[in-house]
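Undergrad: In our numbering, each number is its position in the sequence shown, counted from 1, plus 42.
Worth flagging that the hints you see were computed from the coordinates, not collected in a lab.
Any given hint might turn out to be false.
As the list claims (entries may be wrong) - Distance windows between CB atoms, simulated:
| no. | residue 1 | residue 2 | range |
| --- | --- | --- | --- |
| 1 | Arg301 | Val201 | 27 to 33 Å |
| 2 | Ala290 | Val108 | 27 to 33 Å |
| 3 | Val313 | Arg205 | 29 to 35 Å |
Every residue gets a Cβ at the ideal spot worked out from N, C-alpha and C, and that includes glycine.
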Amino acid sequence: MTAGIVIAVIGSFAFAAAAVLQALGADQVAQRAAVREERRRSSKAHPSLRSTLATMLTVPFLVGFVFDIVGFVSTILSARLIPLFLSQTIISARLVATALLAMVVLHVSLKPRDWIAGTVVVASLVLLAVSAGREGVENDPWMAWAVLIAGPALIGVGVIVMRTVHKHLAAATGLIAGAVFGVMAVASRILDGLDPFDAGALFTDPALYALLISGIGGFYLFTVALQTGSVNGAAAALVVGQTVLPGAVGIIFLGDVTRAGWGPVAIVAFVAAVLGGVALASSGAVTAVETADATNLPRGYGHPPRDVTRSR
């Protein structure tokens, strides 16, 4: 149990560092004249594949990608060691780490609301850790095929939303990205052939390919969310999608349980952690990640471009 919690905390901080660096990479792309011209020509103001690839090729984004790998590995390992409702909630607490990084790196002053929300999340995680029982051992064969279907299906929905939704696009895409990451966590739990290692069982398990597809697809969708609006809206939605779905699946289908008599405490702590994460994501602390560039250009493609020649 302790090892799983420590690994999940490492993943949470890794994802926080990645989010800061990737947002800075998106800001760099937003300052380029070619992208600004593309925004002017785009009547629907949706990000193109070229702009998304340009964001991924910036130095901050590539360094952030290394942290993302650490976070993904931590997600996989923690999902196999502790109940999903605990591991995914800890991973989603990355917003607390993001706020702290914004305070240290970007010299942002946290408001009392931010401290309260962060404290609620941390306290809720402590209660969850105390109330969590053993992780489930149930693994029906149909679950592997279910996650293999669910991952690509959610990614497809995300692509459709990305091209058709005009209001609250960042939040909508972030929510779907969170759900896709949730599928990845479930696939990690049910993956066969790891303990003990069996290459034949591993590479013939549909859950392995669900894990890979969902990891890549969720990463892409959240990258899009970072470009289409505020980071706080996308991150708040990500918290909900990444915690509620796998937590429910773990309890209903995989046999995750709490300690005897601690069920009500776990429920309250889980809800409080999610709400605290959403509140923190909606605050000005995480917004600092979005506004790190000196020119204060709006990164979201849903906003009109500004003539920066006057500000320079």
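Undergrad: All hints are to be evaluated individually against the structure, with a verdict given for each.
TA: Right, here's what the structure says about each hint:
1. Arg301 / Val201: 27 to 33 Å: Since the Cβ atoms of arginine 301 and valine 201 sit about 42 Å apart, the hinted range of 27 to 33 Å is violated.
2. Ala290 / Val108: 27 to 33 Å: Since the Cβ atoms of alanine 290 and valine 108 sit about 32 Å apart, the hinted range of 27 to 33 Å holds.
3. Val313 / Arg205: 29 to 35 Å: 33 Å, holds
Hint compliance for this structure: hint 1 is the single one not met.
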